[in-house]
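Engineer: Using the sequences and the hints, build the whole thing.
Listed here are the chains, written in short residue letters.
Protein chains: 6
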Amino acid sequence: MFEHVKMNNMTWQEFAKKKDDVIILPIGATEQHGPHLPLCVDSVIAEEFALRIADKINGVVAPILSYGYKSKPLSGGGPLFPGTIDLNGATLQHLVMDLIDEFVKDGFKKIYIFSAHFENEAFIVEAMDLASAKHGDKVQLLLTNWWDPMSPDVIDKIFTEVPFPGWALEHAAVTETSLMMYFRPELVREDAILEMENAKPGTYFRYPIEKDIVPETGVLASAKSSSPEKGKIIVDDAIENILKIIDKAFK
Amino acid sequence: MFEHVKMNNMTWQEFAKKKDDVIILPIGATEQHGPHLPLCVDSVIAEEFALRIADKINGVVAPILSYGYKSKPLSGGGPLFPGTIDLNGATLQHLVMDLIDEFVKDGFKKIYIFSAHFENEAFIVEAMDLASAKHGDKVQLLLTNWWDPMSPDVIDKIFTEVPFPGWALEHAAVTETSLMMYFRPELVREDAILEMENAKPGTYFRYPIEKDIVPETGVLASAKSSSPEKGKIIVDDAIENILKIIDKAFK
Amino acid sequence: MFEHVKMNNMTWQEFAKKKDDVIILPIGATEQHGPHLPLCVDSVIAEEFALRIADKINGVVAPILSYGYKSKPLSGGGPLFPGTIDLNGATLQHLVMDLIDEFVKDGFKKIYIFSAHFENEAFIVEAMDLASAKHGDKVQLLLTNWWDPMSPDVIDKIFTEVPFPGWALEHAAVTETSLMMYFRPELVREDAILEMENAKPGTYFRYPIEKDIVPETGVLASAKSSSPEKGKIIVDDAIENILKIIDKAFK
Amino acid sequence: MFEHVKMNNMTWQEFAKKKDDVIILPIGATEQHGPHLPLCVDSVIAEEFALRIADKINGVVAPILSYGYKSKPLSGGGPLFPGTIDLNGATLQHLVMDLIDEFVKDGFKKIYIFSAHFENEAFIVEAMDLASAKHGDKVQLLLTNWWDPMSPDVIDKIFTEVPFPGWALEHAAVTETSLMMYFRPELVREDAILEMENAKPGTYFRYPIEKDIVPETGVLASAKSSSPEKGKIIVDDAIENILKIIDKAFK
Amino acid sequence: MFEHVKMNNMTWQEFAKKKDDVIILPIGATEQHGPHLPLCVDSVIAEEFALRIADKINGVVAPILSYGYKSKPLSGGGPLFPGTIDLNGATLQHLVMDLIDEFVKDGFKKIYIFSAHFENEAFIVEAMDLASAKHGDKVQLLLTNWWDPMSPDVIDKIFTEVPFPGWALEHAAVTETSLMMYFRPELVREDAILEMENAKPGTYFRYPIEKDIVPETGVLASAKSSSPEKGKIIVDDAIENILKIIDKAFK
Amino acid sequence: MFEHVKMNNMTWQEFAKKKDDVIILPIGATEQHGPHLPLCVDSVIAEEFALRIADKINGVVAPILSYGYKSKPLSGGGPLFPGTIDLNGATLQHLVMDLIDEFVKDGFKKIYIFSAHFENEAFIVEAMDLASAKHGDKVQLLLTNWWDPMSPDVIDKIFTEVPFPGWALEHAAVTETSLMMYFRPELVREDAILEMENAKPGTYFRYPIEKDIVPETGVLASAKSSSPEKGKIIVDDAIENILKIIDKAFK
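Protein sequence lines correspond, in order, to chains R, H, X, U, E and L.
Numbering-wise, the working numbering comes out as the position in the first sequence, counting from 1, plus 1.
Numbering-wise, the working numbering comes out as the position in the second sequence, counting from 1, plus 1.
Numbering-wise, the working numbering comes out as the position in the third sequence, counting from 1, plus 1.
Numbering-wise, the working numbering comes out as the position in the fourth sequence, counting from 1, plus 1.
Numbering-wise, the working numbering comes out as the position in the fifth sequence, counting from 1, plus 1.
Numbering-wise, the working numbering comes out as the position in the sixth sequence, counting from 1, plus 1.
Incorrect hints may have been included.
The list cannot tell twin chains apart, which means a pair is met if one copy fits it or any two copies do.
Subject to a maximum C-alpha distance of 25 Å in a straight line, what follows is the list of computed DMTMM-like cross-link-like pairs (lysine to aspartate or glutamate) [stated by the list, open to error]:
hint, residue 1, residue 2
1, Lys201, Glu122
2, Lys110, Glu187
3, Lys7, Asp192
4, Lys57, Asp21
5, Lys245, Asp138
6, Lys233, Asp102
7, Lys252, Glu217
8, Lys18, Asp248
9, Lys201, Glu241
10, Lys201, Asp149
11, Lys245, Asp149
12, Lys201, Asp157
13, Lys225, Glu15
14, Lys18, Glu187
15, Lys135, Glu15
16, Lys139, Asp154
17, Lys7, Asp237
18, Lys57, Asp248
19, Lys106, Glu198
20, Lys212, Asp138
21, Lys249, Glu198
22, Lys7, Glu217
23, Lys111, Glu211
24, Lys233, Glu15
25, Lys158, Asp21
26, Lys212, Glu4
27, Lys106, Glu211
28, Lys110, Glu211
29, Lys245, Glu198
30, Lys249, Asp107
It is worth saying that the hints were derived from the structure and are not from the lab.
Structural biologist: Structural data, given as structure tokens:
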């Protein structure tokens, strides 16, 4: 459905013609998402958003980065869960820097990074800062996720049955589960969605990591009340706002 | 008043005796804080908290790191203001890693990092993660700031005249100004505190940085209604909660 | 068809059960492949081989690395073609090192890297060497591509109409085109396959890169006579031999 | 007394006005200095010199770096003493490079680094070399300590009772003790100053470090005969000569 | 005999006059070469070729790099043999980058690297790529070895008694032994040349390295039938072809 | 004459037998030494000392590192002279670390580094410190040069006609020239030895480097009165003292 915006499918001549358009780099993660969601949640969400946005703005979507920065206990369950594959910060940073350099060499001037994994942010921003110092004013770099641009009233539409636990705890919870029900229903094990108490938000970082501060399932807040419809509400609202950000950022 | 907890003042023999106690590393920043506060705000706050906490727990305070990670427009005004001195992320990370290694070599097993600059967090945590992988279970590392451990009801006590703008915009605003009035009143230019509209919280990162998204003064929300009494409320509450965290983390 | 071997589709509990099996990391590239093939050729080939091999040995396939090391003029057309996205060697090396570390932390002891892009090899091997020094004898690391394990007589079966130009020049030529016709026929632009003279094999490296040593199309030898049947011959033979290598390497 | 030259005390607007003046970065160390001096000796000396020099030349003093490069046995007692906190060379180098970059971004063109810890020198110079290659002729970088610029005849005035043991062994000895008596008498434990034989100067480096080549106290030559008056002689003479160097270097 | 082309022998004034000529950097290795050849084989060959080429083109030969990148089992015997001294890839890369930078600072624009150790290639090329990105079109960088430029028919002249085992296995075998007999006969232990079966070419990389895939002597194919005359044939042919490459590369 | 101690000349089996002996790594530099000495002075001196010492202690001499750390104006003339080829500090450090690691892998436990270039010291020591932290007490590392171990009275024997200018200025002056007359008389241009005034010792570091602080010839003090006999005096005395250091260090 969105095959036409994928860089992967293009020949080099087709790709060369896109250089004045926006190139979107989706960055996800490979990270535990409890017993009801697969390890690819953040990557699926990043790619699906990227494709829909590219479709709207005539952009091109570069191959996704499927591995992200280190999951933290109280925003993603943390490194002790099998299947959570954590890059070092420096590795992610250099990966993003190299890709920005290469897109610029190919003539692109509008580079939009979409990250669906909270922990990625600081190291992507560090890469953008250093890349921007190198490439100057002619190259414009943008980073968003899907939750910060959401309209405040969407929270109310989504959290009709359970209270909003705060974004940090929205891991494998209502929003991500709803998004996966919308994007890839076949990958959601609905019968494994459990009633549970929310984890307590973190107020500090401690190493070695304390195992008992994360629920054993890896889910930080209940995914009960998730639905594909809620997924669609999030997607539609976030994309609408993101298009405005893109418009302003790449003016 | 807190001279007895400063590592700086100790001879090596005196310091050697402290190795079973908690060593506190304060990390601040050198960063613009508008026309009414000096560049040292984050460093003063980090050190003053560290000294008071050390005094309570019989700890020792290591020399402060006065330079921090890169200020961002909508949490600190960003790099375009003179006086904002930004370390690269890798530099801060290696600095913290080296210091942890050295404290461990000197026999310390309880290392507490206190950061008063939001942007430092990701790179300090990366350093802690890598240091912990190296030193294993015998060494316990803790990081807090002063805002996350605060009791929720303190917000209500502080924001009696102006609404709480969110932590990101609390830069050179009521909380930091009140803390400086409490810690170092002689460094606060009270007549330079202005009425102003809050900056709008950031929902994306864009490079090169857009100059027009930060107020010209560098202040992100009004510091009106700040007072040393409010500073004391914050300090007393945060320290009380931090002592509980320390107790749990270094059990 | 191979969904059951994809790590991406597993929950963390499902993935945790695979730890005594072989985990396969496919590494491709995003690189020009002339006017008849898309930029994803090396990534498609890497992933399709990985899936088939995993299916045979009850393994698990980790998410692919879609960006590889720098394309060279006389083995891939080189960096001057748009769409060829080159990582620095150090970046690829650290990426692979981080992933090996993480697989090992999750309990895996048999890690098989499949690369379909010649230029990746030296930096993957450097990563393996350093990772092996760290993890010791308990962790076994294996790297293959698809061309070195092929039986010598397959060359004769494939190159029935055009002479074998040597592996370096087999870029976007008969073998890769046949593989793509077998794996993803819808991505092959058959009418763009041209008669052409082979490029001359490189006997030196020169920088800045000489533009005139690579054909303008980016194809190094004619893809004429490619067919899905030839693709299947390669796949069947290479996998048979790779299974023997795996058997020996992970005994 | 020197509060007006401290960058720490300035608002960003005040700091911005100083950009055509000299900015001084003091670099000290946290290092054992025997039983009669505190760990902050090198930092106190670096900062006190920097303040006095800034006062003379209308300069500005940036926050001090309180941690330095690795102490060596026969110039500082070495790493085996608790309280000696050693940065890796690369860390110090990158720290200095980042700070030079940031001062330059803020418009400064005359950057003066004052180090009071011998071992820092090679890594500061490496940072200066690389920063200078980046910033070119418009930015002038200067490094001094306090001992190399001293007039030769000052040695005679200081070493009236004990012979000059050479600069390497002047660790926690007459010159540093006299400087501390002048700058911070309250931190000197005069009754812990001992008669002792000098350590033997080093003629080689050996690892692991031999414990028996450094006196158990960490003092390398006797501090007997130290006095605040001698401290003043050193300060006055060194500053006079440093002002000439500054004048020549930043012409 | 070639003393006049050695940079080592020149004063700085003599060297300064050569800046418009070609500077040649030979890179060898310190690596086991069986019981009949010394550890310096690759370094001797690199230097001897470099001297002869410099003599023909009025060039200058920089001091050799005697340590190279990691030997691999089936192209050099690998790291398990004593005397094989392996640099990390990053070390070799930075070494070459630094030297290119320095030759350029001294005014050289034609820099030719001659490597006689196969494994060096990828990391030298990475250094050249990054250096070229820095120095641009004015600086021309060339890399060759001695085997790729050889005329195909020379193989037939050399392998009269034993079949050509492929270049990977030509380690301490006929070509290298013949070259050493020609360049340094006194270093060849002829009576230690053994009849043997060839090692089997590698089709994969496996770590930890399998000891049993390399013959115990470290020789990968028999050196029987080596002679100084064959060494001369190789040298004469390779140099003739290399001169043409140089001519084209530095036009 | 010393061919039997050169690692270069040994087969791997011969080298393997030396593992309980001392391995010596000579480190020189490629650096201007005025109009009367060649660029290889520091390398020749390093190697010649290493060979003689190895001969005395039954050691083995590894291939020399011919490139060293950055020459400084007032100890070596500095980087502005053609022919002075400067490695970055990090490059030299990693080179030495890699070599120590490799010697240790080959079973050596007594590693002696001989440097004949002053500026190398800090980065070699950093490498030794980090390598020692890795290898622990079983591996002993030693570094000397030739001037620090010299007996004080040798100065009087050498400086009979010109006064000793201090070691920093002994660049291309009496000691180095005498050593070269002793080791390699054919490389000394005696008629280019000039009367001259000494350079003034440095008391600070300034970048960009001031050209006028170094004599135009690159010689820092007159080499008049040099002789091979004086070279022999230095060699004999330094080696005698170095043998005692070795004895103590590797006990």
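Engineer: Confirm or reject each hint.
Structural biologist: Results of checking the hints against the structure:
no., hint, verdict
1, Lys201 x Glu122, "both (22 Å within a copy, 20 Å between copies)"
2, Lys110 x Glu187, "neither (37 Å within a copy, 31 Å between copies)"
3, Lys7 x Asp192, "between (34 Å within a copy, 21 Å between copies)"
4, Lys57 x Asp21, "within (15 Å within a copy, 45 Å between copies)"
5, Lys245 x Asp138, "within (21 Å within a copy, 42 Å between copies)"
6, Lys233 x Asp102, "neither (34 Å within a copy, 37 Å between copies)"
7, Lys252 x Glu217, "between (47 Å within a copy, 22 Å between copies)"
8, Lys18 x Asp248, "within (21 Å within a copy, 37 Å between copies)"
9, Lys201 x Glu241, "between (32 Å within a copy, 19 Å between copies)"
10, Lys201 x Asp149, "both (21 Å within a copy, 13 Å between copies)"
11, Lys245 x Asp149, "within (13 Å within a copy, 32 Å between copies)"
12, Lys201 x Asp157, "both (21 Å within a copy, 21 Å between copies)"
13, Lys225 x Glu15, "between (45 Å within a copy, 22 Å between copies)"
14, Lys18 x Glu187, "between (36 Å within a copy, 21 Å between copies)"
15, Lys135 x Glu15, "neither (28 Å within a copy, 30 Å between copies)"
16, Lys139 x Asp154, "neither (36 Å within a copy, 47 Å between copies)"
17, Lys7 x Asp237, "within (21 Å within a copy, 29 Å between copies)"
18, Lys57 x Asp248, "within (12 Å within a copy, 49 Å between copies)"
19, Lys106 x Glu198, "neither (50 Å within a copy, 29 Å between copies)"
20, Lys212 x Asp138, "between (46 Å within a copy, 13 Å between copies)"
21, Lys249 x Glu198, "between (41 Å within a copy, 22 Å between copies)"
22, Lys7 x Glu217, "between (38 Å within a copy, 24 Å between copies)"
23, Lys111 x Glu211, "between (42 Å within a copy, 15 Å between copies)"
24, Lys233 x Glu15, "neither (31 Å within a copy, 28 Å between copies)"
25, Lys158 x Asp21, "neither (38 Å within a copy, 45 Å between copies)"
26, Lys212 x Glu4, "neither (42 Å within a copy, 32 Å between copies)"
27, Lys106 x Glu211, "between (45 Å within a copy, 17 Å between copies)"
28, Lys110 x Glu211, "between (44 Å within a copy, 16 Å between copies)"
29, Lys245 x Glu198, "between (37 Å within a copy, 23 Å between copies)"
30, Lys249 x Asp107, "within (23 Å within a copy, 28 Å between copies)"
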